[in-house]
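One line per chain: the protein sequences are A and B, in this order. Heads up, the first sequence is in the numbering used here, so the first residue is 1 and it goes up one at a time. Heads up, the second sequence is in the numbering used here, so the first residue is 1 and it goes up one at a time.
Honestly, I wouldn't trust all of these hints.
[Claimed, not checked] Listed below are the simulated EDC-like cross-link pairs for lysine to aspartate or glutamate, each with C-alpha atoms no more than 20 Å apart in a straight line:
1) B:LYS262 <-> A:GLU372
2) B:LYS23 <-> B:GLU143
3) B:LYS343 <-> B:GLU372
4) B:LYS332 <-> B:ASP81
5) B:LYS347 <-> B:GLU372
6) A:LYS262 <-> B:GLU372
[Unchecked claim] Here are the simulated distance ranges between beta carbons:
7) A:ARG115 <-> B:ASN256: 22 to 28 Å
8) A:ALA216 <-> B:ALA209: 55 to 61 Å
9) A:LYS152 <-> B:ASN256: 54 to 60 Å
10) B:LEU146 <-> A:SER231: 56 to 62 Å
11) B:GLY353 <-> A:SER231: 30 to 36 Å
12) B:GLY353 <-> A:ARG284: 25 to 31 Å
Calculated from the structure, these hints are not laboratory results. Glycine included, every Cβ here is placed at the ideal spot set by N, Cα and C.
Protein chains: 2
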Amino acid sequence: MSRVCGVIAEYNPFHNGHLWQLKEIRRRLQPDVLVVVMSGNFVQRGEVALVDKWQRTKMALAAGVDLVVELPIYASVQPADIFALEALRLLQQLGVTDLVFGSENPELDYLTVARKIQKIPRQAAAFQDYRQTYATQLNQLLERYLGFQLTKPNQMLGLAYAQASLQLNYPLNFHPYLRTGLTEHNQVTLQGEISSATAIRTAIQAGRAYQETVPATSWALLEQKPHYYWSQFYPLLRYRLLTATAADLQAIYQMNEGLQYKLQQAAVSATDFTNFLYQIKSKRFTWARLRRLCLYTVLNLTTEQMQEMRMRAYLHVLGFNQVGQQHLHVLKSQNLTLPVITKVTQKLGNRQGIMARAIQADRLLLLGQAPEQNFGRRPLYQREV
Amino acid sequence: MSRVCGVIAEYNPFHNGHLWQLKEIRRRLQPDVLVVVMSGNFVQRGEVALVDKWQRTKMALAAGVDLVVELPIYASVQPADIFALEALRLLQQLGVTDLVFGSENPELDYLTVARKIQKIPRQAAAFQDYRQTYATQLNQLLERYLGFQLTKPNQMLGLAYAQASLQLNYPLNFHPYLRTGLTEHNQVTLQGEISSATAIRTAIQAGRAYQETVPATSWALLEQKPHYYWSQFYPLLRYRLLTATAADLQAIYQMNEGLQYKLQQAAVSATDFTNFLYQIKSKRFTWARLRRLCLYTVLNLTTEQMQEMRMRAYLHVLGFNQVGQQHLHVLKSQNLTLPVITKVTQKLGNRQGIMARAIQADRLLLLGQAPEQNFGRRPLYQREV
């Protein structure tokens, strides 16, 4: 049986840390196929990705990924548990046997922790304290029942993957890799050849040098415009909040606990996104949760639509090389339950089409001068290098 | 009994032609009070007014108007028949006895024509030809039954006033005044001291000289920013069309005959408003009708909301002098059926308040750098000059 390694990534943008991880996978696991499920144009921290999904696919293919499949917005812009569950559903369809992910403590056995959490009484795990974030309450629970906490973002995500694996009854080999070279410092500021994606985006936006932190292909693609930032889209969010009815906003995914009034009020006076976020921030919600809410709002994504998208998943192929294409060919000959999309037809995009809302969401980028993101686009093909 | 003269105006902007009309009213009719019902921030041709309602109120007061009351969006952005009907409802409440309006042929007896039209069989007057505009079909009817046509915009409007007067059973003296000095040419290009508002707006936008066409107060106010144009708001309209669902758009006022699909499709490719309008234009709809539809859409005004606004009318006072204030005082002591608003309280503006949707519509201007348009604003007071 072949070994298919899978990575769940945003590549926002693809940098030297990502390249190191891919090389390590080749070295340690010798996979037959290396598959990446990559967030499309919208990422988990509630932002439009810096460059579009096609540019980021090019970066991944140039670094040796065999197959890139899109993680659509209904999955990519979600709290960790839903993000992980939906990503693993796609990995399962793609025949992935081994999951590699970055972790602050790779010695942790995530699957064992997840099994222990399953045994915690249900009522204890229903978080009702409106003054604290989900993560805080989860950790209080872990501390109480298991005697430790998982406070780092990638610990939380690793645990979510393990929980999803159990939930889907999907036996998957877990390979947490230490995120190399990342210190407290270069998470926020560039330093040497390895820096966090956040630090690199900040440098790019500020016009500072970042070339040594990314592979040559990323560099060449990142030097092209357009780039996308919340600052560009905030006037649209503000407009939407100022003109929407309470009922319109009430229907938006995750718009609960009266948040719509808070958002509408902040929009009256806040003329930039940073100021807006500060006005709506409370202890109850993380910055990421609020940015995601802002993204759902500007994209007009309702609870009903998000549910429906999750019910009608698909595999949208963004790119491959010969190995990836061959793997896809084999998958299609088996009994896949999800449709494989290599060409976005009008039928997929029309009102009843399974991609309708995802295509509509991507249209936001047109307002930032993006080229068409779906219709007529075929998977990118990477020749042997 | 006192003579109260009324004018229905947009003053977009207030120019020498308007000044001439007011002087003629004083000279010919010697009114005790001169009342103007003025469109708020949105005008009948489906645009945001060049400058806001407060600036335009200042212009009118400086020219000697005694009382300025707002014609809210549910009335100001409508086809001629509804525009006229709703404006006359306000004039009736304001105790107006004499209506003065511009006309290309003041010798026409509009009330007599309106009475004749009332006698035309109902089924003949139900226009069903989807290839032609309302105006074209109305004129075919007039030609057939009365033997003449009313093709000029102000003839149509005058007739609409007369029809509204009959419909409301509101006996009103009609004074059509010849619009002086206007030729075919200066409708579109500035020429001398009298030019059309359209020509003046075009000149202002193009940065050409226009000072001699407007009174000094208008000039001083027009030299200040911000100004509002569709070009500023088109990105918001485009965003809205690209992210709204078919159901969202179907609910918009006047969005019928499948227009939402046409608008959505045009928004994908059209990057400016002019190009967008050309893409959606057909023989069936006039430019004004389509611009109004665009305005309803960008303001997210549904059929239900427009109906509700019409059912809950009010008199929002924008400005007065001592005479106007005194007149308002007398009116309030009588049994007015509509509330008089001289201070926009939070209660009027909250979700159930009668001004809620009108205030929300005005918020569009905040995105064009306008100051707050309603809360905390009191009527402007013009001292004797």
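Structure versus earlier hints - violations, ascending order: Hint check: 2, 4, 7 fail, others pass.
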